[in-house]
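Colleague: Produce the complete structure using the sequences and hints provided.
2 protein chains.
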Amino acid sequence: MAKQPARESGRYAYDGLDRVIHEKARLGILTGLLTRPDGLLFNDLKSLCALTDGNLSRHLTILQEAGLVEVWKGVKGKRPQTLVRLTDRGRGKFREYLNVLEGVIHDALPAEQPKAEGTFRRGWSPA
Amino acid sequence: MAKQPARESGRYAYDGLDRVIHEKARLGILTGLLTRPDGLLFNDLKSLCALTDGNLSRHLTILQEAGLVEVWKGVKGKRPQTLVRLTDRGRGKFREYLNVLEGVIHDALPAEQPKAEGTFRRGWSPA
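Protein sequence lines, in the order shown, are assigned to chains A and B. 39 is the number of the first residue of the first sequence in this note's numbering; add one for each residue after it. 39 is the number of the first residue of the second sequence in this note's numbering; add one for each residue after it.
Worth flagging that the hints you see were computed from the coordinates, not collected in a lab. Computed from a predicted structure; not experimentally measured. Accuracy of the hints is not assured; some may be wrong.
Intra- or inter-copy, both count: the list cannot distinguish identical chains.
[Said to hold, decoys possible] As a list, the in silico DSSO-like pairs of lysine-lysine whose alpha-carbon atoms are at most 27 Å apart:
1) K84 <-> K111
2) K131 <-> K114
3) K116 <-> K131
4) K62 <-> K84
5) K111 <-> K131
6) K62 <-> K131
7) K62 <-> K114
8) K114 <-> K84
9) K62 <-> K116
10) K116 <-> K84
Modeller: Right, here's the structure in full:
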């Protein structure tokens with residue numbers, strides 16, 4: 039047990055995990071968009087994220103209201119299309135979020151990696 | 039835009055992000071417990087995660103019902119105490135979750151890191 043947890047108060051609060059971004063489906067949407075600066079068509083995004091039309095629309099509305107994505111209506115080859123892109127704000131906020139996420143993994147993983155030193159009692163000798 | 043998104047269908051679905059674990063407060067609780075194999079007292083966990091009594095209790099119930107943590111009642115120095123520990127199942131499930139989380143960062147970050155090679159047009163020479 040930690041001896042002085044009071045000094046580490048809030049250590050695992052992870053306030054930077056913005057709930058708008060942290061939701062599983064929206065995390066997928068943002069990851070897909072981050073790697074594609076030109077944006078993605080609605081149907082491609084839907085397929086990449088394995089979402090229904092309704093679910094993707096609902097999540098895009100939330101992301102749009104938070105100013106993280108922009109949605110464009112247009113026509114491509116005579117068919118109406120919807121293009122989704124990350125805004126500059128969205129890119130910045132998602133980068134911040136990813137930094138916190140890396141912090142979570144950094145906090146959790148030391149416990150998972152066996153240490154070569156310090157696991158044996160000092161001064162012990164088989165002789 | 040991706041040329042053949044159909045072939046990458048579900049690429050950003052992240053099914054491995056178990057909702058029981060992915061919730062922000064529970065992610066903090068599990069990270070705190072993973073690094074402390076002996077467990078944490080309720081009050082220390084509450085402080086580390088910056089949660090209220092009610093919130094921590096509610097999240098622990100959810101984690102207990104999923105078999106991820108175990109809760110022990112006892113007495114320490116004449117005062118009743120509650121000890122929380124990760125179960126073996128919890129440790130395994132959380133490890134799996136962290137692997138998926140690393141995958142998210144791996145998917146997102148290539149777009150963020152400038153590449154030294156390939157950004158210049160080949161064959162160009164200042165001479």
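Colleague: Next step is simple, just say for each hint if it's right about the structure.
Modeller: Hint-by-hint comparison with the structure:
{"no.": "1", "hint": "K84 <-> K111", "result": "within (16 Å within a copy, 47 Å between copies)"}
{"no.": "2", "hint": "K131 <-> K114", "result": "neither (30 Å within a copy, 44 Å between copies)"}
{"no.": "3", "hint": "K116 <-> K131", "result": "neither (35 Å within a copy, 48 Å between copies)"}
{"no.": "4", "hint": "K62 <-> K84", "result": "both (14 Å within a copy, 25 Å between copies)"}
{"no.": "5", "hint": "K111 <-> K131", "result": "within (24 Å within a copy, 42 Å between copies)"}
{"no.": "6", "hint": "K62 <-> K131", "result": "both (16 Å within a copy, 17 Å between copies)"}
{"no.": "7", "hint": "K62 <-> K114", "result": "neither (30 Å within a copy, 40 Å between copies)"}
{"no.": "8", "hint": "K114 <-> K84", "result": "within (18 Å within a copy, 54 Å between copies)"}
{"no.": "9", "hint": "K62 <-> K116", "result": "neither (34 Å within a copy, 44 Å between copies)"}
{"no.": "10", "hint": "K116 <-> K84", "result": "within (21 Å within a copy, 58 Å between copies)"}
Hint violations for this structure: numbers 2, 3, 7, 9, all remaining hints satisfied.
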